[in-house]
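There are 2 protein chains.
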Amino acid sequence: MSEFWKNYPEIFEELNDVKNIMKKSIKGSDAYLNNSIIPLVEQGGKMLRPAFVLLSGKFGEYNGEKIRNIAAVVEMLHLATLIHDDIIDNSKLRRGCDTIQSKYGKDFAVYAGDYLFCHCFDMLSKHDYSMENLRNVSKAIKKICIGEIRQNYFRYTSKINFNKYIRIISGKTAALFSLSFMLGASEAKCDLPLVRTLGKVGYNIGMAFQIIDDLLDYTGDIEKLGKATQNDLKQGYYTLPIIFALEEDKKGELASILDSSSFEKDDIKAIFELVKKFNGIEKSKALVERYSKKAFENIKKLPDCESKMILSEVLQTLIHRKY
Amino acid sequence: MSEFWKNYPEIFEELNDVKNIMKKSIKGSDAYLNNSIIPLVEQGGKMLRPAFVLLSGKFGEYNGEKIRNIAAVVEMLHLATLIHDDIIDNSKLRRGCDTIQSKYGKDFAVYAGDYLFCHCFDMLSKHDYSMENLRNVSKAIKKICIGEIRQNYFRYTSKINFNKYIRIISGKTAALFSLSFMLGASEAKCDLPLVRTLGKVGYNIGMAFQIIDDLLDYTGDIEKLGKATQNDLKQGYYTLPIIFALEEDKKGELASILDSSSFEKDDIKAIFELVKKFNGIEKSKALVERYSKKAFENIKKLPDCESKMILSEVLQTLIHRKY
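Protein chains in written order, with my numbering: chain A, 406 to 728; chain B, 406 to 728.
Simulated from the structure, these hints should not be mistaken for laboratory data.
Any given hint could be a false lead.
Claimed, not checked - With a Cα cut of at most 20 Å, we get these calculated EDC-like pairs of lysine to aspartate or glutamate:
{"no.": "1", "chain 1": "B", "residue 1": "508", "chain 2": "A", "residue 2": "494"}
{"no.": "2", "chain 1": "A", "residue 1": "531", "chain 2": "B", "residue 2": "537"}
{"no.": "3", "chain 1": "A", "residue 1": "544", "chain 2": "B", "residue 2": "527"}
{"no.": "4", "chain 1": "A", "residue 1": "544", "chain 2": "B", "residue 2": "533"}
{"no.": "5", "chain 1": "B", "residue 1": "544", "chain 2": "A", "residue 2": "533"}
{"no.": "6", "chain 1": "B", "residue 1": "531", "chain 2": "A", "residue 2": "533"}
{"no.": "7", "chain 1": "A", "residue 1": "531", "chain 2": "B", "residue 2": "494"}
{"no.": "8", "chain 1": "A", "residue 1": "681", "chain 2": "A", "residue 2": "669"}
{"no.": "9", "chain 1": "B", "residue 1": "544", "chain 2": "A", "residue 2": "669"}
{"no.": "10", "chain 1": "A", "residue 1": "531", "chain 2": "A", "residue 2": "470"}
{"no.": "11", "chain 1": "B", "residue 1": "531", "chain 2": "A", "residue 2": "537"}
{"no.": "12", "chain 1": "B", "residue 1": "531", "chain 2": "A", "residue 2": "527"}
{"no.": "13", "chain 1": "A", "residue 1": "531", "chain 2": "B", "residue 2": "533"}
{"no.": "14", "chain 1": "A", "residue 1": "471", "chain 2": "B", "residue 2": "494"}
{"no.": "15", "chain 1": "A", "residue 1": "508", "chain 2": "B", "residue 2": "494"}
{"no.": "16", "chain 1": "B", "residue 1": "511", "chain 2": "A", "residue 2": "494"}
{"no.": "17", "chain 1": "A", "residue 1": "511", "chain 2": "B", "residue 2": "494"}
{"no.": "18", "chain 1": "B", "residue 1": "471", "chain 2": "A", "residue 2": "533"}
So here's chain A without its partners, still in its complex pose:
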């Protein structure tokens, strides 16, 4: 696991438990599946979503076993979406390792992702979770799928615009962030207004997080990121920095490069320069600020406790992340 949670030993330790739950539940499925997915779990990434489940659970009656199990489900869902994303993008690297599809092939990646999705529902049906939350989980993944479908629909076209982008990222990213908060809170029997406020914290953190992620494609460092930069652009995904730049691109300089379906090295360089010239980076950073501000305002409304403090600090760290 990354060192992201090392300043919060209780959460760090619980996330290790979450990992063990994931590994244990995958073991015994199929040797081939097992060998391919366990390293991905080991590697772990930042484990933001399961941590958010734990943190929001602590606002209510905290039943550790139940909450850690649902945190494992959420991280597994995220893994499943990553495996399928990498098929579309033909990505070679994920979390500094070979992607499932680059190592085992597209066929394997399709079914490994499907397996994980169903495994999540299997886990949800085993423990004493509410049918309502099971429905919330399926709805969130449906939102992710629709977000991804829309994102792909607008590949390699300058017809993408601000509103479309916001709809896409609220589906593909913020939905699962928001769900993580709401699942933890509702399984810990928090009252509905509190569940909703935590859901809003998640939504706004998710939006800020995704815009930062999209910014990193233009400003990031490959070694720290553990994945290739300029990847989105090369794959024809035009994200916020480009969208803001297009708004100032009155002569259509940028649009004309973007509407071709592949780029030479010079094109990439030209796009980067135009994005900077038309303030795409600056404006995107300002939007991160806006979503972060909303998230902080939501956090302020939460009852005082350690989780509240941690959420506030974590949000600070995320806003300033370089990887």
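Got chain A; can you put chain B on it based on the hints?
The following block gives chain B in isolation, referenced to the frame of chain A:
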């Protein structure tokens, strides 16, 4: 819908309802998703699995709405697996229409399949179904995924053998057939021995059905099938006719052609001749007989009613199908 059920007007009409439930539940999701999936539902195929849900439900307390809903879920799961299968196989045709991936691209097909999987769990969580059946559904899809993974693992290699093949098809096909029978029966509150006997009927029909399907790759008619013949072979899936032939291929004639990873037209012709020479077709047909016999024996044990009679007739029809 195909004319497969036209001799059973009650089932035919109920299957139309099932289709309408599917269409209604998909509508309102996303226009793009909607437009691509509805034609697939319209086209319908034989709708064996939902029909089996209905028929087995009639052995107990038949709550039409509840049973038709779960029949819709089962058919939707099947659709989701077909969409993902077609990605792997690069298939152009399915049910006589363009496949989702050939029409809308691989990226869309991945998320459309994911969407449908989650949509099924969404539907299951909405109606008053048992958590146990929800678990059974997720387990069955996990079996399908593992079956598919194993099948792909043994592509283009003569190392595939009889036992491996049986494990593969019991996962990828018989599991969902068996589930269809068990879901209908258990949601209609049949007692456990009856649920299990119906599950066995489904398993054995599923095994016979898949072997027939694999035989049709060698003996079928492209226009009647609505999909290309020799497709499995060209994709490197070595099914039962080849596996039986390999057992008699003492000199390794057949194996040497099979272990290359692509075929010329002459190779295909040679494989067909060797499969015939080494009795691959005949022996596969004999195994179909064995599974059918088992299914008939299971059907005999069922309490007398119209569904029992229909199941018996349908099994007869399936064994002799040419498409």
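**Item:** Pair hint outcome, residue 511/A versus residue 494/B [Cα-Cα no greater than 20 Å]
**Value:** It holds: about 11 Å lies between the C-alpha atoms, which stays within 20 Å.
**Request:** Decide if the proposed pair is consistent with the structure: residue 531/A and residue 470/A, CA atoms, cutoff 20 Å inclusive.
**Result:** 13 Å, holds
**Asked** Is the Cα-Cα distance between residue 531/A and residue 494/B 20 Å or less?
**Response** Violated, at roughly 34 Å.
**Prompt:** Has the given pair, residue 508/A with residue 494/B, been kept, meaning a C-alpha gap of at most 20 Å?
**Reply:** Between residue 508/A and residue 494/B the Cα gap is close to 19 Å, so the pair holds against 20 Å.
**Message:** Check whether the Cα positions of residue 531/A and residue 533/B lie no farther apart than 20 Å.
**Reply:** 17 Å, holds
**Message:** Given the hinted pair residue 471/A and residue 494/B, is their Cα-Cα distance within 20 Å?
**Reply:** 40 Å, violated
**Prompt:** Is residue 471/B close enough to residue 533/A, meaning Cα to Cα at most 20 Å?
**Reply:** 23 Å, violated
**Prompt:** For the pair supplied as a hint, residue 544/B and residue 669/A, is the alpha-carbon distance within the 20 Å limit?
**Reply:** 47 Å, violated
**Prompt:** Does the structure keep residue 544/A and residue 533/B at a Cα separation of 20 Å or less?
**Reply:** 18 Å, holds
**Request:** Decide if the proposed pair is consistent with the structure: residue 544/B and residue 533/A, CA atoms, cutoff 20 Å inclusive.
**Result:** 18 Å, holds
**Request:** Sort out whether residue 537/A lies within 20 Å of residue 531/B, counting only the CA atoms.
**Result:** 8 Å, holds
**Message:** Hint check: residue 531/A vs residue 537/B, CA-CA at most 20 Å. Holds or violated?
**Reply:** Holds, because 8 Å separates the two Cα atoms, which is no more than 20 Å.
The structure does not agree with the numbered hints 7, 9, 14 and 18 stated previously, though it agrees with the rest.
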